[in-house]
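K.L.:
Listed below are the residues making up each chain.
Protein chains: 4
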Amino acid sequence: MYPGKAIYRIPYADTDQMGVVYYGNYLRYFEMGRSEWLVQTGYPYSRMEEKGIGLPIIEAHIDYKAPAKYEDLIRVDTKFEQLSKVRVKVSCQVYNQNDELLVEGYTIHSCFHLEKKRPIKLPICFIEHMQKNLD
Amino acid sequence: MYPGKAIYRIPYADTDQMGVVYYGNYLRYFEMGRSEWLVQTGYPYSRMEEKGIGLPIIEAHIDYKAPAKYEDLIRVDTKFEQLSKVRVKVSCQVYNQNDELLVEGYTIHSCFHLEKKRPIKLPICFIEHMQKNLD
Amino acid sequence: MYPGKAIYRIPYADTDQMGVVYYGNYLRYFEMGRSEWLVQTGYPYSRMEEKGIGLPIIEAHIDYKAPAKYEDLIRVDTKFEQLSKVRVKVSCQVYNQNDELLVEGYTIHSCFHLEKKRPIKLPICFIEHMQKNLD
Amino acid sequence: MYPGKAIYRIPYADTDQMGVVYYGNYLRYFEMGRSEWLVQTGYPYSRMEEKGIGLPIIEAHIDYKAPAKYEDLIRVDTKFEQLSKVRVKVSCQVYNQNDELLVEGYTIHSCFHLEKKRPIKLPICFIEHMQKNLD
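These protein sequence lines map, in sequence, to chains D, L, W and H. The first sequence maps to residues 8 to 142 in the numbering used here. The second sequence maps to residues 8 to 142 in the numbering used here. The third sequence maps to residues 8 to 142 in the numbering used here. The fourth sequence maps to residues 8 to 142 in the numbering used here.
Heads up, some of the hints might be wrong.
The list makes no distinction among identical chains, and a pair is therefore deemed to hold if it is satisfied within one copy or across any two copies.
Below are the DSSO-like pairs computed for lysine-lysine, each with C-alpha atoms no more than 30 Å apart in a straight line [what the hints assert, rightly or not]:
| # | residue 1 | residue 2 |
| --- | --- | --- |
| 1 | Lys12 | Lys123 |
| 2 | Lys76 | Lys12 |
| 3 | Lys72 | Lys86 |
| 4 | Lys86 | Lys96 |
| 5 | Lys72 | Lys124 |
| 6 | Lys86 | Lys76 |
| 7 | Lys124 | Lys58 |
| 8 | Lys128 | Lys86 |
| 9 | Lys96 | Lys12 |
| 10 | Lys58 | Lys123 |
| 11 | Lys76 | Lys96 |
| 12 | Lys72 | Lys128 |
| 13 | Lys96 | Lys124 |
| 14 | Lys123 | Lys76 |
These are computed hints drawn from the structure, not numbers from a lab.
Chain D with its partners taken away, still in its complex shape:
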């Protein structure tokens, strides 16, 4: 129904004593959006790790519009774009079951060789994968 998008029911765990989702959890939702997009478009992040490559986050930004609540069924929309030979930007929007925009933001990732522990160029096949799967 929502190809490439993460769908998630908010558990009690994610709320805080203000009665809404704790602000720190949205970075987890952003990651669920990225992971699900990669799995569903056919380039799971685990495959990248098997090649010895990671995409650690170097910057994150979040704008909070309205709070998600317990039992809400949220949806994370995700968009990957290449910033440079070694950088990727991922934009995320979190919506509730009424299609209300709750939170939006982005993460910036560097491409990293996990064993050598230093930056490397993004794999060509991943750049092509991002271009092919633009909405």
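Guided by the hints, dock chains L, W and H onto chain D, whose structure is given.
P.N.:
Structure of chains L, W and H alone, referenced to chain D:
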């Protein structure tokens, strides 16, 4: 496909440096199982809270059989049973996408009046709901 | 030794399978910094809530310099400043035991009446408290 | 002041909309107790991992007596004991700043070779370390 069961893709967030899901996260998965069962059988926990009643946990037990891993698609099977006039036991099993049992355990809940902050009897309608929805 | 600063030993829970702290946890560390600063300077956040006032987050930004690791003893430096009659900005830096800057960022908070569920002006006594406790 | 014990200020992050600490967080507090005990008695868990050995959890049990609350300063008391040549039991109690027992429980760990991915005997030096540091 799995009515009354929570389905969840393991995010990177839930792993630890041993490369598998951190042991503390399964209590969250148990709760996702309970919440989803209650929503899908038509007695959402939020409705109970609106009546001023909560089901705080007084005991939890977990047996770990095999670890869940990043990108696994887990399923939580959940069974509610009445223990006494004021106690409920919820049993949970967590399976991966290969139907392998990873973790099982239970939580015991007391019925609690949220405003008066003291135990009360389980609502008759909730007892009937549990009985009606036994597998 | 570090008045007004949160000190925290990184548990296994906070790591992920890349072997470092998961990026989403730093917003929790920022909050630990804010909470500890408020407690230690004598204006605990719980007291604000007792007055019916909250400081929900409307924006967050994080720059990741170097990863925190398991067993690291981190320190969070925190600085409150008034942005407007209804806005507060809190800047945070996270250091490890070698005084290496790992992460820095900020959160922006609006002042909110918890019961009426609408913005209100920052309490004068809180504005004075922030001014009095500038480093 | 409390040698070998973890001290921790409850952040907002750990509360849920019932206004107390979410039940799943106590397994993290148990781990903070274990990690801190090991660091302070001079046998950090990271050193064990460097030897290629892990102590994954195979069972956990928690009894909840009273809830921890936001801004509480909790203390985790931890006791290691050998169950067999390949098993360790760790008992934990969580107290608040008024020395009130909030939660108690235990975890059972198997000794595991991280690379060969199979159980091995507990290292003699670790058995001796546990015996030497009994309260």
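K.L.:
All hints are to be evaluated individually against the structure, with a verdict given for each.
P.N.:
Hints and how they fare:
1. Taking CA atoms no more than 30 Å apart as the test, lysine 12 paired with lysine 123 passes in neither setting, with 33 Å inside one copy and 35 Å between copies.
2. Taking the closest pair of Cα atoms, lysine 76 and lysine 12 come within 30 Å of each other both inside a single copy (19 Å) and across two copies (20 Å).
3. Both within a single protomer and between protomers do lysine 72 and lysine 86 lie at most 30 Å apart by alpha-carbon distance, with minima of 19 Å and 24 Å respectively.
4. For the identical chains of this complex, lysine 86 and lysine 96 are neighbours both inside a copy (8 Å) and across copies (29 Å), given an alpha-carbon limit of 30 Å.
5. Taking the closest pair of Cα atoms, lysine 72 and lysine 124 come within 30 Å of each other only across two copies (14 Å); inside a single copy the shortest separation is 37 Å, beyond that limit.
6. Both within a single protomer and between protomers do lysine 86 and lysine 76 lie at most 30 Å apart by alpha-carbon distance, with minima of 24 Å and 25 Å respectively.
7. In the homo-oligomer, the alpha carbons of lysine 124 and lysine 58 lie at most 30 Å apart both inside one protomer (14 Å) and across protomers (22 Å), since each shortest distance falls under that limit.
8. Taking CA atoms no more than 30 Å apart as the test, lysine 128 paired with lysine 86 passes inside one copy only; the shortest distance there is 20 Å, against 37 Å between copies.
9. Only within a single protomer do lysine 96 and lysine 12 lie at most 30 Å apart by alpha-carbon distance; the minimum there is 17 Å, versus 33 Å between protomers.
10. For the homomeric pair lysine 58 and lysine 123, the shortest alpha-carbon distances inside one copy (12 Å) and between copies (21 Å) are both at most 30 Å.
11. In this homomeric assembly, lysine 76 and lysine 96 come within 30 Å of each other (Cα to Cα) both inside a single copy, at 28 Å, and across copies, at 25 Å.
12. For the identical chains of this complex, lysine 72 and lysine 128 are inter-copy neighbours only, at 19 Å across copies versus 35 Å inside a copy, given an alpha-carbon limit of 30 Å.
13. Taking the shortest Cα distances, lysine 96 and lysine 124 sit within 30 Å of each other inside one copy (21 Å), while across copies they are farther apart (35 Å).
14. Only between protomers do lysine 123 and lysine 76 lie at most 30 Å apart by alpha-carbon distance; the minimum there is 18 Å, versus 42 Å within a single protomer.
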